Amino acid sequence: MAPDGRAVGTDIDEIKLEMARAEAINNRVMNVEFQLADAAGDSFDREFDAVYVRFLLTHLPEPEETLRAIWKSVRTGGVLIVEDIDFSGSFCYPPNPAYERYCELYTRSALKRGVDPNIGPRLPGMLAAAGCERVDMNVVQPAGIDGEAKVVTPLTMENIVDSVLAEGLSDEAELDRLIDELYAFARQPGSVLSIPRVVQAWGYRPA
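The sequence shown begins at 41 in the working numbering and counts up by one.
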């Protein structure tokens, strides 16, 4: 962000917004504001040179509709950037039954809720359908043998417990065991854990 530019961050969770405001203040970033807003339903009274949508569309039952609504906030000549997951690209090494079960439960619970855990490859086509030109893409995938990348998997398993139980895909005993096994696998020297493959796609509003 240029020194004379401004940014607006949005979320539907006021707690996350308060955390973001505090972090901005702690880092002396003063040209950013945070607003409580629903990307699918709320509209802005201004347009932006760049709009960045990260890890949102995979959670929505009608992502194309939301992307079209967001598109309206992009200024002529501006860029719309979307980044989201392709869960089918997740991997670990060596093979681990708990990890395979975690991937199955994440995918099945998402599909039963009517959302797409593998939406990443769809993003370029969605941008083009929304009206973008000069659409392009990139793929990244953080993985590690140490550090934060390794604990994302057990943390995610903890965070989807309620969804998995609500869909009747498992029980508390199995989920507790899976979480323990995933943390143990993350601590195992030499083991490799990845987060899902991430597709980054972008396109421009025609001048």
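Honestly, I wouldn't trust all of these hints.
DEER-style ranges, computed between Cβ atoms [stated by the list, open to error]:
hint, residue 1, residue 2, range
1, 49, 161, 22 to 28 Å
2, 227, 70, 16 to 22 Å
3, 230, 116, 34 to 40 Å
4, 227, 55, 26 to 32 Å
5, 187, 246, 39 to 45 Å
6, 67, 94, 15 to 21 Å
7, 68, 168, 22 to 28 Å
8, 137, 184, 32 to 38 Å
With a straight-line cut-off of 25 Å between C-alpha atoms, the simulated DMTMM-like cross-links for lysine to aspartate or glutamate are [claimed, not checked]:
hint, residue 1, residue 2
9, 152, 102
10, 112, 102
11, 56, 214
12, 112, 44
13, 112, 156
14, 56, 198
15, 56, 202
16, 152, 188
17, 152, 214
18, 112, 140
Keep in mind that the hints were calculated from the coordinates and are not lab data.
Being a predicted model, the structure only gives us computed values, none of them experimental.
Built from N, CA and C at the ideal position, the CB exists for glycine as well.
Hint check:
no., hint, verdict
1, 49 <-> 161: 22 to 28 Å, "holds, 27 Å"
2, 227 <-> 70: 16 to 22 Å, "violated, 40 Å"
3, 230 <-> 116: 34 to 40 Å, "violated, 52 Å"
4, 227 <-> 55: 26 to 32 Å, "holds, 30 Å"
5, 187 <-> 246: 39 to 45 Å, "holds, 42 Å"
6, 67 <-> 94: 15 to 21 Å, "holds, 19 Å"
7, 68 <-> 168: 22 to 28 Å, "violated, 39 Å"
8, 137 <-> 184: 32 to 38 Å, "violated, 21 Å"
9, 152 <-> 102, "holds, 14 Å"
10, 112 <-> 102, "holds, 17 Å"
11, 56 <-> 214, "violated, 30 Å"
12, 112 <-> 44, "holds, 24 Å"
13, 112 <-> 156, "holds, 23 Å"
14, 56 <-> 198, "holds, 19 Å"
15, 56 <-> 202, "holds, 20 Å"
16, 152 <-> 188, "violated, 29 Å"
17, 152 <-> 214, "holds, 19 Å"
18, 112 <-> 140, "violated, 40 Å"
Going down the numbered hints, you'll see the structure goes against 2, 3, 7, 8, 11, 16 and 18, while the others check out.
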